[in-house]
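Student: Keeping their order, the protein sequence lines are chains A and B. The first sequence begins at 572 in the working numbering and counts up by one. The second sequence begins at 572 in the working numbering and counts up by one.
Mixed in with the good hints, there may be bad ones.
One copy or two, either will do: identical chains are not told apart, so a pair holds if it fits within one copy or between any two.
As the list claims (entries may be wrong) - Calculated pairs, SDA-like style, for lysine to any residue (alpha carbon to alpha carbon, straight line, at most 25 Å):
#1 631 x 586
#2 682 x 883
#3 682 x 737
#4 631 x 813
#5 683 x 739
I should point out that these hints are in silico values taken from the structure, not numbers from a laboratory. Given the structure is predicted, the values throughout are model-derived calculations rather than measurements.
2 protein chains.
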Amino acid sequence: MGPAVGQPKHDSGGPNAVDRLAALLAEDLAAVDALIHQHMTSPVGVIPNLAAHLIDAGGKRIRPLITLAAARLLGRGGDGPRKLAAAVEFIHSATLLHDDVVDVSEMRRGKKAANVVWGNSASVLVGDFLFARSFNLMVETGDIQVLDILARAASVIAEGEVMQLAAANDAETTRERYMQIIAAKTAALFAAAAKAGAVAAGRPGQEAELLETYGRELGLAFQLVDDALDYGGLAAAMGKNTGDDFREGKVTLPVVFARDAGDESERAFWRRAMGGDRSEDDFPRALALLRRHDAISQTLAAARAHAERAQAALSTLPANAYRDALSDIADFVIERGY
Amino acid sequence: MGPAVGQPKHDSGGPNAVDRLAALLAEDLAAVDALIHQHMTSPVGVIPNLAAHLIDAGGKRIRPLITLAAARLLGRGGDGPRKLAAAVEFIHSATLLHDDVVDVSEMRRGKKAANVVWGNSASVLVGDFLFARSFNLMVETGDIQVLDILARAASVIAEGEVMQLAAANDAETTRERYMQIIAAKTAALFAAAAKAGAVAAGRPGQEAELLETYGRELGLAFQLVDDALDYGGLAAAMGKNTGDDFREGKVTLPVVFARDAGDESERAFWRRAMGGDRSEDDFPRALALLRRHDAISQTLAAARAHAERAQAALSTLPANAYRDALSDIADFVIERGY
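Chain A extracted, bound-state conformation:
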């Protein structure tokens, strides 16, 4: 399964694990992209325009790649997994559109967010359209079991988003609560993407469950690293805009670690700042407290533990190039944080 999780590889200057998986699945992925573009067409011009703005902006397609790889790992390619992969990307895209409205985001994938260009209303409604189209794609597979998996994931994602909204500016958010939120808003779709691939491959039993575990653990690792990167990661030099979570009053795991390890005056700072009474001047202090308590390394260590569980779930599945690639993805997710 390659070197230990999170250790930079010798070939780290080459294509990363996602690019390598995309190359391995190049034919599938091209077909998925064709399905995506075919199903986002509409005579109502703003729909394909807004959808293309997001979908063609160079997202990594990591979720559909997982669906495709899970199916191939178990010996099945073809139409079914491709349609599901496109459906998974549509669910993800719809969620991003609605997220950006909720978070009043200005940027997404290095471009102006769709809500900035077309307005909140169009983003809400085109999100609805993509969400509906994801179900059209699933119906085309004729497989009620994958519909069940992805429809359940869709309601769990919405629950997670509402949970996150309700926890905003709640300075007392616990680690447990935070993990519930990211399990729902992020990991549920990774889990469903992997499981649906297995079920589409005609392997709904234990193999599907192992791939579901892989997806869930990978999704948790992915979100934890994202949340570390929102404070700049360990390098704090990613060129990425940092501090969005802080500004939005989202208590993520780095803050939980720093807050719970802090003395009374530090906890008072977090209570005030995460409770909603914060200014831009508070961000440097937040960063300093995260450093003092090693909160970013601790978060990355937690992510690494989940990535290792994701890899462990693969261990009894057929050993092939797809399994290796999925394992490498778990390494890659962690490496992003360093």
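Following the hints, position chain B against chain A.
Tutor: Positioned in the frame of chain A, the structure of chain B alone reads:
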């Protein structure tokens, strides 16, 4: 099929046709309400609270009643049609929540709109939740054909909503364009509700198509009457807040009629007012122009024609109490405008 469409009935002081259909389907409807409440539960408190605020506010449940009646008309009750009826109400509820965000609505069903009480973000996300739950309910029926019908309707509805958004403040909106919008945003769900009931009854052929036509034509009639009522209807004394469409720059059929029949100065008024440069003082003039050109009666006459087509679609279906009740609903929809 009862008296001519749109003529007030002798028993108009008694229960209306929707109440009578609800009484005829009392057992089904109670089961649907139980399914609705069961599927809107969530450990995330704001979800059931916000959903109940809308769903328990006394909506007429006309769409689920149509699903139930279509199935019973063709001889089938039971679990399948009930789950679909609940799914249809969830799709409708999700649409209302998102509509109210898009339209910046303040009231809904005589109460503060959910977006006013909980905010736009919660309304968007709980709408997503209800939409996902509608698919959970459909999956429970195990019937991929009804999933197809309702998933298609869901994307058409979203297309219609985006079309309406794009047409806002477009003073030149044609009658044809307006009809496209309401066919998508309103009539598609009525059509799917009726067709899904027929398919759930095991009658996917011509009977399902006739019921689909019934639903579509009824939906068009329903929306036309709604749009007439937004200018007060013929009585202009419904106690309902009027003028929302005018204030939101929505060119509905009454405006199309008055504008197209107007002289140059009247057309200039509509161009300015519906083009976005309007004030509250313009509304009385708009009402006066609608009266001058009989635009409300013409709109109701157009609605009546659709209601008659809805009733005609029923004529070759089995004659029973459910068919009569569906026919009466078409009368009722028109009577609302008088």
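Student: None of the hints should be skipped; say for each whether it holds.
Tutor: Now the hints, each set against the structure:
no.	hint	in the structure
1	631 x 586	within (13 Å within a copy, 58 Å between copies)
2	682 x 883	neither (37 Å within a copy, 53 Å between copies)
3	682 x 737	between (28 Å within a copy, 23 Å between copies)
4	631 x 813	within (20 Å within a copy, 49 Å between copies)
5	683 x 739	both (24 Å within a copy, 24 Å between copies)
Hint 2 from the earlier list is the only one contradicted by this structure; the remaining hints agree with it.
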